[in-house]
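**Q** Residue-level listing of the chains:
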Amino acid sequence: MDPRRPPRTVIDPKVRQVGFFAAPEPIASSPPVSDISPSGNSLSPVMIPPPRHSSDAARPVLFSPVPPASPGRRDSLAPSDLFPASSPTASSPCADAECAFSPGRPLRSNSVRPAAAVTMSSSLPGRGFDLTAAVTASSVPATGLMKIPSGFSVKNAGKARNASVEVENEQGSNSKPLKEKTTKAERRAIQEAQRAAKAAAKGEGKAASVVSAAASASVNVKPHKATKAPTVAASEKKGGGGERPVEKERKKEVPPPRMQYDDTSRVEKAKRRSVVKQTEARNRVELFRHLPQYEHGTQLPDLESRFFQLDPVHPAVYKVGLQYLTGDISGGNARCVAMLQAFQEAIKDYSTPPEKNLSRDLTAKMSSYVSFLIECRPLSISMGNAFRFLKSRIAKLPLTLLESEAKASLQSDIEQFITEKIILADKVIVRHAVTKIRDGDVLLTYGSSTAVEMLLLHAHELGKQFRVVVVDSRPKLEGQRLLRRLVGKGISCTYTHINATSYIMHEVTRVFLGASSVLSNGAVYSRVGTASVAMVAHAFRVPVLVCCEAYKFHERVQLDSICSNELGDPDVISKVPGMEEINCLNNQANCGNLQPLNLIYDALPSDYVSMIITDYGMVPPTSVPVIVREYRREQLWM
Amino acid sequence: MPDVHTLVNDFIIKLKKRKIEGSQATAKQTAELLRSVISSQRVPYTNQAGALIDAVKAVGEQLIAANPVELAVGNIVRRVLHIIREEDLSLTTAAMAGLNLSTVSDDEDDVDRDNYPVLSAAVVAAAARSTLRPPSLQTLLEDMPDAAAIPHTSSSGGDSEGKSKSADKSSRSRKLKHDVIEAVNELIQDIGTCHEQIAEQAVEHIHHNEVILTLGSSKTVLEFLFAAKEKKRSFRVFVAEGAPRYQGHLLAKELVARGLQTTLITDSAIFAMISRVNMVIVGAHAVMANGGVIAPVGLNMVALAAQRHAVPFVVLAGSHKLCPLYPHNPEVLLNELRSPSELLDFGEFSDCMDFRSGTGSPLLHVVNPTFDFVPPKLVSLFITDTGGHNPSYMYRLIADYYSADDLVVQRRPATGS
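As you go down the protein sequences, you meet chains A and B in turn.
Every letter in the first sequence is one number past the one before it in this note's numbering, and letter 148, counting from 1, is 148.
Every letter in the second sequence is one number past the one before it in this note's numbering, and letter 323, counting from 1, is 323.
Just to be clear, a hint being listed does not mean it is correct.
[Stated by the list, open to error] No farther apart than 27 Å at their CA atoms in a straight line, the calculated lysine-lysine pairs in the DSS-like style are these:
hint, chain 1, residue 1, chain 2, residue 2
1, B, 219, B, 232
2, B, 17, B, 219
3, B, 19, A, 575
4, B, 219, A, 575
5, A, 436, A, 489
6, B, 219, B, 14
[What the hints assert, rightly or not] Chain B residues, not near chain A, derived (Cβ > 10 Å throughout):
hint, residue
7, 6
8, 41
9, 96
10, 204
11, 219
12, 297
13, 308
14, 332
Hints are computed from structural coordinates only; laboratory data are not their basis.
Quantities reported herein were computed from a predicted structural model and do not represent experimental measurements.
For each residue, glycine too, the CB sits at the ideal point set by N, CA and C.
Sequences and hints are given; from them, build the entire structure.
**A** Structure below.
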């Protein structure tokens, strides 16, 4: 948690509650929620839970001189039941970061390290230099730690294990007396240094992924679309640059550019590596040359036939990939959960090959799985985030762990991600959003969003009297499925198509929309058509509320829907079911100048959005970058 | 007479059943029907024009009632009434001018006597119109709205009058009807050729390498784009398919057949694509007097998106689509709900639909409107067969085609029959 922000006391003016804050009703029985409302934090406009587990577990030990600045928050941290393996997990970053204080440490940063990911915190030392100066005053005993720099390398993990165990022991003995010694100024200096180190580590992680993608000669499994899901794992490659100013590192936080498909050389490269053989669409839309446009339906039979011979891909992942390809699984949450569960399976069946390091090999394997999934269907931003999380978890696996322990820890991490970031997040969103539904409301929704559906059902269960307008559009007509479920539950519904939005908007009092992602300029990246609906609502002065889980937030920015998008099967566009006179005309017209275009997403400008409802509360779109920043920090360091 | 009645009834039934698609076809058929009504109407010696007007009004009222949403019917009825009044006026003025040089005396007596009551009405109408017409300097100087002013005002009217004036003056009793039918024929011709006249202006608006977006299908738009293509302009067109009828597919097919680069998109992708569009060109169902447009459903959304991205929103409309009425709540009052079966398959949703049918209102409603209202502030330009116009100029353009007396056709059932 950001130490600059003092915990608010209850004396603060009540006015603060006005606006984007739900009534802080006691939300019990869900672990992440209990984080949201600790006593000190309840009046903060943006409810950001403090980072949990390993980072916090690490910090009191690592910077043991720091007395707990905000006891109100700290006590809600690190529920050990959620992290069965938390204590060993914490030990490795500790060991590593502790090394930063040792004078001998900088030497190591010059040594050439393998390209693949090592541990997250191993990139710390270079940055930790100025920090050493500050901390030496607090007299961290360098004895015993001196061993690590020489011994600590991923290749001889056994030694490192010994070393870190040693460190652990030492800390246990040292941390207590140190606590009293520091003054306020020193604490401040330490915190500053720590923050700088964090930023640096993050930045390096990014930079390293780019570099390693470019020069991945030795590692054959680097995902060719690694840019889509930037690897977080900090590899040591870039570790050399010791004392670059923090400002420079900030720049590195910019997400790397995505694969542009009009760049022929890179496309060729990617093709050579791909599992799925795709044929390019015959007439592509000129405007979208930068996006992959392949003939749909050609890969499926090929993939199906190779189900039993395709050894590099785990069957569970393979199955999910096929389901993406056929469209059996769609929707941001469903796809993300399916991917994570497939990875869980894959991890369960994984065994480290001899002579290889678990975290490095597993990361590579996962990356190859992801690139397979991307070939089936481009990853959504939420999936990219989830994968990034998984990679950081793998990268931070302590080397001391046995393989089975590591696997169990990863599986439980994934499990926790699913429950906490997706399932519980939805519950929190519903709880917030339902306060915005009043009796007599007419709620409009577009397409089919799981969060909005849960919200409507919950509001109905609470006995609120409202009507739902379901707006739908070709080609997927997802609204019909939503309509069926809502009507089945006894909610009064009106169904119409997207063109009639401005007709129906007169009677609507609120618009609830789902989102595929929320970008850090406040733009909402969502199912195509959402922007149109929101625009009409804005023109009719109807508030637009976007429901989106925070794990879908992304630091990218986007102004239009063209630079980055996904193209669906164009043939779906030219065939209208039930309209034979149109279809027969279009069959032969496929050649030549006619190009059907099937966009999947569009970006809804932030000024059409009245409020974004996330698991951290209800925020205006301008607060998105704040959540992205805080959330990412939490995610990377947990 | 009986065949006219059956004709009228047939047409009314067609209108009621919404068998006639498109305002152009409706307008044309209405004009043809009115022509036969006029030609079969027995003209009395006294007040010929009044008799014709009454007859047309009677029929027109039924037609409008048959499909009040199809504004083209009312427009044509008013146009024909206007034609009758204009022809009558020009005849009267001709009579007044040729009072001394007339050849046949007995006819002249008749006309003189008969036309006096009409003349007074005509003068009133002319006075009313002269407030709308651009005042010529002469009328301003001679501040008399009566007989002396009439020649000037009427000579500034449409070319139909000019032609009628050259006709034989000897048989004036039959002449009015004849002239009116001539003028109606011209009107029918105009309706038929309005596409070409609009399309002629295409080159002035479409340039090389432009990207044009349109929604649904409109013959006017097709001709317009094709005319620009004929003039060796190369541009690309985005066609939104236009739910729920997906006429955009047909338009795209036509465009491709004529060699235009066409991209077919869904309606939902309009907002995404419009940032790369240079111009939105659409057809209209009707243009109201305030410059608002009754358009196929979805166009309001397109217009809003165009406004957001500062893309010109151009509406093509033939003059038969100009409606002299001011809209009030047009989204609801001038709209029509089509069958829900276009949106939902009854077979799939039958169980939901009668979920609670016994106990009050059903749970599921399906709304399928036909038209959208685009407010004048969202329209950048109208292109009619008389050139390009601002939305704020529409009221004035409309005054050229309609006389103020006919704005309300339905209000006079007593005089109608």
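**Q** Hint by hint, say whether it matches the structure.
**A** Against the structure, the hints come out as follows:
no. : hint           : result
1   : B:219 to B:232 : holds (20 Å)
2   : B:17 to B:219  : holds (22 Å)
3   : B:19 to A:575  : holds (26 Å)
4   : B:219 to A:575 : holds (22 Å)
5   : A:436 to A:489 : holds (21 Å)
6   : B:219 to B:14  : holds (21 Å)
7   : 6              : holds (32 Å)
8   : 41             : holds (41 Å)
9   : 96             : holds (53 Å)
10  : 204            : holds (24 Å)
11  : 219            : holds (16 Å)
12  : 297            : violated (5 Å)
13  : 308            : violated (7 Å)
14  : 332            : violated (8 Å)
Checked against the numbered hints given earlier, the structure breaks hints 12, 13 and 14 and satisfies all the rest.
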